[in-house]
Structure formats: structure tokens, C-alpha cells
Amino acid sequence: MKTYTYKKNQEMMQRALKVIPSGVYGHLGPAEGCMIPTSAFPFFSSRAEGTFFWDLDGNRFIDFMCAYGPNILGYNDKDIDNAAAEQFKIGNCTTVPSSIMVEFAELLTATVRKDWAFFAKNGGDVTLLSTMVSRFYTGKKKIIFINGYYHGVAPWTQRADSPGTLREDCVNSIYIDFNDIEALKKVVAEDKDIACLIATPYFHGNFKDNVTPAEGYWKAVREICTKEGIVLIFDDVRCGFRLDLQGSDHFYGIEVDLICFCKAIANGYNISALCGKEFLKQAVGSIMYTGSYWMSAVPFAAGIATINKLVRARAPEYLRQQGLRFTKGLAKIAKENKVDLSISGEPALFYLLIKDDNSLILHQQWIAECAKRGLFLTNHHNHFINMSMSDEIIDEALDIANEAMKVMVANNPQVYR
Amino acid sequence: MQSPRTQAFVNMYAAMGTLDKYVELDPKAKEIASTMNLTIRFKVKDGPDAVLDFKDGAVSIAPYDGQKTNVLLFCTGPEQFNKVVDGKAMPIPLKGLVNVLKFMAKPDQPFNVLTTNMADTMRKTEFATKEEKALTTRLAFYAMTAALAQIANEDELGRISAGNMADGEISVGIKDDTYVTLAVKDHKITYIKKKAENARAFMEFADIDTTKGLIDGNLDAMSCICNGGLELKGFVPMLEQLNKVLNLVPKYLA
Numbered sequence: 001m002k003t004y005t006y007k008k009n010q011e012m013m014q015r016a017l018k019v020i021p022s023g024v025y026g027h028l029g030p031a032e033g034c035m036i037p038t039s040a041f042p043f044f045s046s047r048a049e050g051t052f053f054w055d056l057d058g059n060r061f062i063d064f065m066c067a068y069g070p071n072i073l074g075y076n077d078k079d080i081d082n083a084a085a086e087q088f089k090i091g092n093c094t095t096v097p098s099s100i101m102v103e104f105a106e107l108l109t110a111t112v113r114k115d116w117a118f119f120a121k122n123g124g125d126v127t128l129l130s131t132m133v134s135r136f137y138t139g140k141k142k143i144i145f146i147n148g149y150y151h152g153v154a155p156w157t158q159r160a161d162s163p164g165t166l167r168e169d170c171v172n173s174i175y176i177d178f179n180d181i182e183a184l185k186k187v188v189a190e191d192k193d194i195a196c197l198i199a200t201p202y203f204h205g206n207f208k209d210n211v212t213p214a215e216g217y218w219k220a221v222r223e224i225c226t227k228e229g230i231v232l233i234f235d236d237v238r239c240g241f242r243l244d245l246q247g248s249d250h251f252y253g254i255e256v257d258l259i260c261f262c263k264a265i266a267n268g269y270n271i272s273a274l275c276g277k278e279f280l281k282q283a284v285g286s287i288m289y290t291g292s293y294w295m296s297a298v299p300f301a302a303g304i305a306t307i308n309k310l311v312r313a314r315a316p317e318y319l320r321q322q323g324l325r326f327t328k329g330l331a332k333i334a335k336e337n338k339v340d341l342s343i344s345g346e347p348a349l350f351y352l353l354i355k356d357d358n359s360l361i362l363h364q365q366w367i368a369e370c371a372k373r374g375l376f377l378t379n380h381h382n383h384f385i386n387m388s389m390s391d392e393i394i395d396e397a398l399d400i401a402n403e404a405m406k407v408m409v410a411n412n413p414q415v416y417r
Numbered sequence: 001m002q003s004p005r006t007q008a009f010v011n012m013y014a015a016m017g018t019l020d021k022y023v024e025l026d027p028k029a030k031e032i033a034s035t036m037n038l039t040i041r042f043k044v045k046d047g048p049d050a051v052l053d054f055k056d057g058a059v060s061i062a063p064y065d066g067q068k069t070n071v072l073l074f075c076t077g078p079e080q081f082n083k084v085v086d087g088k089a090m091p092i093p094l095k096g097l098v099n100v101l102k103f104m105a106k107p108d109q110p111f112n113v114l115t116t117n118m119a120d121t122m123r124k125t126e127f128a129t130k131e132e133k134a135l136t137t138r139l140a141f142y143a144m145t146a147a148l149a150q151i152a153n154e155d156e157l158g159r160i161s162a163g164n165m166a167d168g169e170i171s172v173g174i175k176d177d178t179y180v181t182l183a184v185k186d187h188k189i190t191y192i193k194k195k196a197e198n199a200r201a202f203m204e205f206a207d208i209d210t211t212k213g214l215i216d217g218n219l220d221a222m223s224c225i226c227n228g229g230l231e232l233k234g235f236v237p238m239l240e241q242l243n244k245v246l247n248l249v250p251k252y253l254a
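So the protein sequences, as listed, match chains A and B.
Here the first sequence stands for residues 1 to 417, where the numbers follow the working numbering.
Here the second sequence stands for residues 1 to 254, where the numbers follow the working numbering.
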């Protein structure tokens with residue numbers, strides 16, 4: 001296979017570095033995005049369609065990152081874009097909101113089995129709101145986090161050693177491990193000032209195998225939180241709609257008090273939502289919390305179209321099926337190449353890790369070889385399946401993954417004799 | 001906030017601790033060092049306790065482990081030791097007064113000339129030759145990387161970062177030029193001035209200019225990652241924590 005070069009991408013990065021901190025900052029950039037080595041990856045897209053994006057050099061990529069989640073139906077899905085365009089013609093950001101907000105709230109709450117919805121823009125907007133609501137409602141201060149968590153980038157989500165975060169931002173944070181009920185029992189016995197427990201539906205931390213909940217884990221957590229008056233929050237920003245259209249709490253057999261949605265909610269149109277149970281509705285309404293674009297109408301229209309299309313297509317079943325098709329194919333390739341490839345997490349958001357060394361270097365080499373041949377994976381993060389991933393596309397991706405793995409193996413004869 | 005105790009460890013092992021490389025890399029420094037064949041113990045109450053060994057023009061520094069020394073200099077605490085390093089106070093000589101008077105009592109005596117020259121070399125910003133710039137950069141690189149270990153082990157925030165580090169070696173280097181190893185074990189870092197043989201994570205600056213720019217704060221690390229000036233690879237979670245410690249270095253290495 002021909003390998004890609006990135007001359008125009010690199011030229012654009014030089015322009016970017018002059019006017020944008022870090023060129024491309026955050027998780028889409030080369031640093032936080034762990035593009036190792038940077039020379040193997042594209043930096044800028046020129047267009048996107050379905051499950052593909054093209055970079056500035058015209059290279060086409062089968063994209064298993066889906067913009068880190070928002071692309072659930074396919075880039076530039078015509079049904080969603082048409083719904084958004086129609087709304088755009090009649091109004092978007094207005095002094096009083098469009099009534100389409102109410103229509104979306106009705107559809108969303110009915111879909112995810114909650115009593116109300118509060119809209120914002122990014123996942124971090126609503127994870128923060130979920131903790132504010134919990135503190136206000138319970139009159140308690142502390143937040144339980146699950147080690148390896150990610151709930152955004154605001155100081156309350158960071159550790160005290162993060163640049164820009166104060167020790168004081170973290171004094172009410174309690175950290176326990178996932179699947180560790182005894183640890184939870186211990187902290188709630190020792191501390192009566194706990195407002196909430198915030199967690200993702202399963203452990204999907206970076207750089208390590210993802211872990212699904214042990215049998216009975218969430219049920220036990222639910223019982224403890226109810227007994228102790230602790231608000232149970234699911235951060236479903238990443239998993240939302242990929243596991244279960246009724247919410248990932250439904251998927252794992254419990255009902256949480258608050259649930260945060262964002263990425264897949266409107267197929268790339270910018271909106272997030274906090275949904276919750278009736279008893280917390282008054283508390284949310286008492287908090288002054290708003291933003292300039294939070295009630296813009298176009299994303300609501302996109303959200304309605306997205307949910308309706310996902311429901312019609314029974315999306316979670318298809319996403320799981322295609323995730324299994326790809327990961328089973330990868331497992332076969334790894335076995336043939338005598339590579340110890342670990343595949344973990346839920347199939348619609350699978351996580352990959354080569355375990356033949358303890359430095360991640362072999363894994364990074366494989367992922368880089370994939371990128372150079374048009375298969376966009378990451379070496380640190382879970383991946384995402386979208387509804388445009390046909391069998392043919394997945395088979396093409398497997399061919400690339402196979403060749404890339406053979407190159408990685410050939411480049412490391414000391415490991416693969 | 002800057003901790004005097006952490007500052008004392010940085011002064012001991014990153015500032016004075018770079019004398020070994022200074023005399024190795026600069027023949028003039030070696031000549032000065034060769035006039036002193038003695039061992040100096042700096043004992044800081046509630047702080048570092050280390051021995052500087054000058055022998056035949058070479059220098060080494062190591063924690064005091066009971067060996068005999070020619071000179072024993074005592075400081076009543078980290079604050080006093082930090083003032084000594086800044087030239088604003090004197091330590092209390094408890095042993096070897098003759099050697100103190102001979103080598104380090106006045107500004108023009110060998111020990112003081114050596115440390116002053118090294119500090120001046122590290123702070124240089126104008127260079128007549130590429131070699132001068134390389135010397136300054138290499139010394140600053142050694143001081144920075146040595147400081148990383150001390151800050152991770154002593155500073156309150158640094159210890160949080162070290163507390164989240166897995167065991168293993170981190171290779172830090174200037175490509176094809178200078179390498180050191182930060183060996184992490186049980187959330188403590190040991191600093192080794194040689195290339196790692198079995199590193200788990202790698203941080204490599206592309207060249208002397210990039211290294212100098214990053215150390216001086218004229219370049220930012222994220223931009224250098226984007227333009228290839230800084231390569232990170234391997235077990236990235238270790239590097240993420242190391243980067244947090246790196247952010248603390250300017251507080252201690254002015």
C-alpha cells in the first residue's frame with residue numbers, strides 16, 4: 001500500500017503555530033491527541049463524509065475516532081444537515097428561544113426516561129452543572145470520582161498538580177477505583193459530607209484496558225447512594241446513545257439521578273444536555289447557569305433528527321455488531337502476526353492495546369503505520385463506531401490494519417523473532 | 001508556592017550537582033577544579049546532606065553516607081543553605097577550616113570561582129560560537145533534569161505528580177548529544193546522568209537550539225511537539241506527570 005505524506009498539513013501547522021497556542025490545542029491536536037510520531041498523522045481536515053475524512057494533502061482516512069464521538073450517523077448526514085438547514089432559514093440564535101427547544105426536550109426526556117432536560121454546549125458544561133445541582137440539593141460538599149476518570153477540563157475535574165488548578169479546587173474530591181464497592185463503602189462510612197458520585201458507565205480511561213462493570217456493581221452503587229443521600233451521576237458524554245438509546249444507566253440495569261449527554265446527541269451539532277429525575281428539577285431551576293449559545297435552535301433541530309434516525313435504525317445494535325466485526329477481525333490479524341493485542345471495553349467504543357512491551361512503543365508504531373495508510377486510530381483512547389461503517393469499509397480497515405501490523409512486526413525483529 | 005526545603009535540594013543536586021559536567025565539558029573549569037583535591041560535606045539541618053568530591057580535576061556529588069570528608073559545612077536550615085548558594089550567607093565550618101580558608105573563603109578562591117563561572121555560563125544568552133551555546137545548553141539541560149527529580153521527590157505538587165507515576169525509566173535527551181535517565185521506583189525519582197538502557201518513556205529535544213529555547217521559556221513544549229522539535233513516545237502517562245513537574249522547574253531554577 002502507498003503511504004501518505006503530509007506536506008500541506010505541516011505547512012498549515014506552521015501557520016497555525018504563529019496565531020494559535022500549540023497550533024492545534026486539546027484532544028484534537030498532536031500533543032494531547034498522542035500523534036506519535038507527529039510525522040505519521042494529518043493535522044487538518046479539508047472535508048468529511050460518512051465515515052471518511054480527507055486531509056489537506058488529499059489523503060483519505062477511515063475514521064474510527066468519529067471526532068472523538070460526535071459522528072454517530074456519519075459525517076454530513078443529509079437527514080440531519082437538512083433538518084439543521086431548515087431551522088437555520090427560520091432562526092437560530094434569538095433573544096427568546098425557539099419553541100423547538102421544548103420539542104427537543106420532550107423527545108430527549110422520553111427517549112432517555114428522565115423528567116427534564118437542561119441544555120448547554122459542551123460535556124464539561126453539564127458535568128459541572130450536575131455537581132452544582134448535587135451540592136445545592138444535598139447541602140453537602142464532596143464529590144466521589146473514579147480513578148482514571150475524565151469529566152472535562154475545568155479545575156474541579158483536575159488534580160492539584162495540573163497547571164491552572166489550585167489545591168483548593170480539589171479539597172472536596174474523593175478518589176476510589178472502579179468496580180471497588182468496598183472502597184465506596186469505606187468512604188461513605190467515614191465521610192458524611194458527600195454530595196454526589198460521578199462516573200462514566202464503565203471504565204474507559206486512557207492508556208490501559210477498559211473495564212466493564214462487574215456483576216452487581218452498579219446495583220450496589222445505586223443502593224449505597226440512595227441510602228446515604230448521595231446523588232448518582234452518569235457522565236454519558238462519551239458512551240451516550242452508542243450503548244443504549246435509553247441511556248447507559250438503562251444498559252447496565254440501574255437508574256441514575258442525573259445523566260450528562262453531549263457528543264452523539266446531534267451528530268456533530270453543538271449541544272449538550274443534563275437530564276434528571278423530578279426531585280432534582282427545582283434545584284436545577286434555582287441555579288443561575290447559562291451561556292450565549294445554549295438555546296440556539298439549529299442544534300435542537302439536528303438533535304431531533306438525530307434521535308429519530310437513531311431510533312429508526314436501532315443504532316446501538318448496529319454499532320455493537322460493527323464493533324464486533326472490526327474487533328474480531330483485529331483479533332484474528334493479531335493472532336496470525338503473533339502479536340498480543342488486547343481488545344477491551346464495549347464493542348461500539350472498543351479499546352486497543354498491544355502488550356508485547358511495557359512502553360506502548362510497539363502499539364504506537366502500529367497505530368502510526370495504520371494512519372500512514374489511511375486508517376485513523378489512536379494509541380491512547382477508546383475508539384468509536386458510527387452508522388456509516390459498512391462491512392466493506394470495515395474489511396478495508398482490516399486490510400490496512402493487517403499490513404500496518406506486519407510492518408510493525410518486521411521493524412521489531414528483537415521482539416518478534 | 002516555593003518550598004525552601006525543595007529549593008535546598010535543587011540547589012544541592014541540580015545547581016552544585018552540575019559541577020561534575022561543568023568540569024567535564026569545559027577544560028578551563030577542569031583546570032580550576034584540579035587545584036582542589038578534597039571532599040566537602042554540606043550538612044543542612046532538615047534538608048540535604050551531601051558530599052562534593054573534587055579529585056584530579058573531576059567532581060562528583062552524592063548523598064552523605066558516612067564517609068570521611070576534609071571539610072564539613074553546616075547550615076542551620078534550608079533557608080540558610082539557599083542563602084549560601086545565592087552568596088548571601090556563609091555556612092558554619094565544623095571541620096577543615098584550613099581548607100575552607102584556602103579554597104572557598106574569598107570570591108577569588110577556586111571553589112567560588114568555579115561555582116560563579118558555572119552559574120554565569122548557564123545564564124549566558126549571547127554566544128560568540130556554537131560551542132559556547134552548546135556548553136550553556138548542556139549545562140542548563142543537566143540542571144533542569146536534575147531539578148526535575150528533586151522537585152518530584154520534595155515539592156508538595158511535585159509529589160502529587162510523582163505519586164501518579166508508574167515505575168520505570170524515562171529517557172530525557174537532546175538528540176544524538178546528551179541523555180539522562182529519570183528512574184522511577186515507588187513514586188520516587190532517581191536521577192542518572194547517562195542514557196537509559198531500558199526506558200519506558202522518552203522525551204527528546206531535536207537539537208541544541210530547541211533545547212535552549214524550551215529551557216529559556218522562549219518556546220513552548222506543545223508547539224515543539226507540533227513542529228517536531230520535541231518528541232514524546234512510549235508510556236505517555238509517565239510523561240504527562242513529568243510535564244507537570246517540568247512546569248514547576250522555573251520556580252526553583254531561576
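FYI, nobody ran anything at the bench for these hints, they're computed from the structure.
No experiment lies behind these values; they were computed from the predicted model shown.
Hints may be right or wrong, so weigh each one.
Said to hold, decoys possible - Only pairs whose alpha carbons sit at most 27 Å apart, straight line, appear in this in silico DSSO-like list of lysine-lysine:
| id | chain 1 | residue 1 | chain 2 | residue 2 |
| --- | --- | --- | --- | --- |
| 1 | A | Lys208 | A | Lys141 |
| 2 | A | Lys18 | B | Lys133 |
| 3 | B | Lys195 | A | Lys355 |
| 4 | A | Lys355 | B | Lys185 |
| 5 | B | Lys133 | A | Lys208 |
| 6 | A | Lys142 | A | Lys18 |
| 7 | B | Lys30 | A | Lys355 |
| 8 | B | Lys175 | B | Lys188 |
| 9 | B | Lys30 | A | Lys208 |
| 10 | B | Lys30 | B | Lys195 |
| 11 | B | Lys185 | B | Lys133 |
| 12 | A | Lys18 | B | Lys185 |
| 13 | A | Lys7 | B | Lys188 |
Problem - Violations among the numbered hints, reported as their numbers in ascending order - result: 1, 5, 6, 7, 9, 11, 12, 13
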